[in-house]
Every structure is written in structure tokens, then in C-alpha cells.
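The task is simple: from the sequences and hints, build the whole structure.
For the protein sequence lines, the chains are A and G, in the order given.
According to the working numbering, the first sequence is numbered sequentially starting from 1.
According to the working numbering, the second sequence is numbered sequentially starting from 112.
Treat the hints as calculated values from the structure; they're not laboratory data.
Nothing here was measured: the structure is a model prediction, and the numbers come from that model.
We treat Cβ as the ideally placed atom computed from N, Cα and C, and that holds for glycine.
It is possible that part of the hints are untrue.
With the C-beta cut set under 8 Å, the calculated list includes, among others, these residues of chain G facing chain A [as the list claims (entries may be wrong)]:
{"hint": "1", "residue": "Asp120"}
{"hint": "2", "residue": "His124"}
{"hint": "3", "residue": "Glu140"}
{"hint": "4", "residue": "Gly141"}
{"hint": "5", "residue": "Arg200"}
{"hint": "6", "residue": "Met203"}
Selected chain A positions facing chain G (Cβ under 10 Å, derived; list incomplete) [said to hold, decoys possible]:
{"hint": "7", "residue": "Gly16"}
{"hint": "8", "residue": "Pro18"}
{"hint": "9", "residue": "Asp25"}
2 protein chains.
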Amino acid sequence: MPRAEINIDRVLHALGDPTRRAILDKLSEGPLSVSRLAAPLDITLTAVVQHLQVLEESRLVHTEKVGRVRTCRIETAGFSVLEQWIGDRRSMWERRLDRLGDLLAEADEGE
Amino acid sequence: MPRAEINIDRVLHALGDPTRRAILDKLSEGPLSVSRLAAPLDITLTAVVQHLQVLEESRLVHTEKVGRVRTCRIETAGFSVLEQWIGDRRSMWERRLDRLGDLLAEADEGE
Numbered sequence: 001m002p003r004a005e006i007n008i009d010r011v012l013h014a015l016g017d018p019t020r021r022a023i024l025d026k027l028s029e030g031p032l033s034v035s036r037l038a039a040p041l042d043i044t045l046t047a048v049v050q051h052l053q054v055l056e057e058s059r060l061v062h063t064e065k066v067g068r069v070r071t072c073r074i075e076t077a078g079f080s081v082l083e084q085w086i087g088d089r090r091s092m093w094e095r096r097l098d099r100l101g102d103l104l105a106e107a108d109e110g111e
Numbered sequence: 112m113p114r115a116e117i118n119i120d121r122v123l124h125a126l127g128d129p130t131r132r133a134i135l136d137k138l139s140e141g142p143l144s145v146s147r148l149a150a151p152l153d154i155t156l157t158a159v160v161q162h163l164q165v166l167e168e169s170r171l172v173h174t175e176k177v178g179r180v181r182t183c184r185i186e187t188a189g190f191s192v193l194e195q196w197i198g199d200r201r202s203m204w205e206r207r208l209d210r211l212g213d214l215l216a217e218a219d220e221g222e
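As C-alpha cells, this is what we get:
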């Protein structure tokens, strides 16, 4: 699993699928084995494993095999990438609004 | 434009496309006309208009036509939906970790 490469493109692609979001919602309640995760989702085990792989590659989920059971849990790294991406944009808009405010204040003083 | 219907599915789909993210990045610097927005993107004006429609439906962008010029600017509502979605999940995980902490503390006291 390439742990270093985690980008916004991959995270947004992973989160764009409703089944993958349902998996994340299930795991938000606590770690689960792959088979217990699959049971209420009404899709094949193979499909669940494929979704898990996408989620793992974007570091939204971490899975670990102990003996014959693979356990899945939420990993926060992928969510942090998304939060960082939104935060960067928010600060850009806020800086822009601040500059606008300064310009308006200057115009006011100049009157 | 249906302003009421704004959901995480739509927002994530809109953000999943790199050209649409490039449009948002351009607009983060300030409002632009559709033609000035299209110029550096190296895609047709029709394609830009289609991307803008998706962004507008997810309330990530607001456009307004004054005379013959349509001006585009960032709208924060779509981003707020995404932040809320992440925030809800984060608080779920934190509550779960708190409960786990309480259980460990109880186990510790019981020793």
C-alpha cells in the first residue's frame, strides 16, 4: 500500500461513492470485520473488498488482518487532507475579504 | 435553480473533477466573468459553462448576469455542507474514543 501518496483527488473520488460513505458511517461506530461490515450493505463481499481498497488507498480506512479475520477501522489521515484543502480555500477567501475591507476603510478615510 | 436541494452527494460529485477544482481556485482570488475564467483553462467556453452549472447546483459558485456579462464568484454554502459532513463524523469518532477512555478508566479503578 503506497502510504505516502495521498491527494485530494483520490480522497474526493473515494468519498464520491454512496456505498463507500455508508461503509465509513458504519465504521464510525467502531471497528468491524469485513464480513460484519458487508452483511447489512446488501452487496457482494467482493464489492465490499474493492470499496475498502479504494478507502484504504485514500487513507480513510485502515484494515488489518489478524489470523483469518480482517478488521477495518476509520483512519483520519484522508479526512485531514480534505479538511486542509477546505481550510486553505477558506483562508484565501477571508484574506480577500479582509483586503476588501481595508480598501473600503481607506476609501472612507479619504472622503 | 433549485436552491433548497443541496446534499453531500452533489457537492462531492462537483468537487471530484479537477477542472471544477481549478475553477474554484481561480475564483478564490476574486469574482471573474465567464470568459475571463475560461481563458487560462484551455477548454471550450461551453465546457466551462457546463462545469459552472454543476458548481452552481451544489452551491459552490454563484453566477449573476448583469447586461451581457455573467460574473462568477465563490459561494460558501456548498463548502459548509462538506464541513458539516466531516464535522459530524469527527464528533462520532471522538465520542467513541471518549467512551473507550471511560471504559479503560473504569477497568483501571476496578483493579
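Hold the hint about glycine 16 of chain A up to the distance rule: shortest CB distance to chain G must be less than 10 Å.
Holds, about 5 Å.
Using 8 Å as the Cβ threshold, decide whether glutamate 140 of chain G counts as touching chain A.
7 Å, holds
Would the hint on aspartate 25 of chain A stand, with a C-beta cut-off of 10 Å toward chain G?
8 Å, holds
With chain A as the partner, please determine if histidine 124 of chain G meets the hint condition of a C-beta pair closer than 8 Å.
6 Å, holds
Evaluation of the interface hint that places arginine 200 of chain G against chain A, nearest CB under 8 Å
5 Å, holds
Interface hint outcome for methionine 203 of chain G [beta carbon to chain A under 8 Å]:
Status holds, d = 4 Å.
Proposed interface contact between glycine 141 of chain G and chain A, which counts if any beta carbon pair is under 8 Å:
Holds - the Cβ of glycine 141 of chain G comes within 8 Å of chain A, reaching about 6 Å at its closest.
A closest beta-carbon separation below 10 Å is what the hint needs, so does proline 18 of chain A meet it against chain G?
Cβ of proline 18 of chain A sits 6 Å from chain G, so the hint holds.
For the hint on aspartate 120 of chain G, just tell me whether its beta-carbon gets within less than 8 Å of chain A.
Holds. Min distance 6 Å.
Checked against the numbered hints given earlier, the structure satisfies every one of them.
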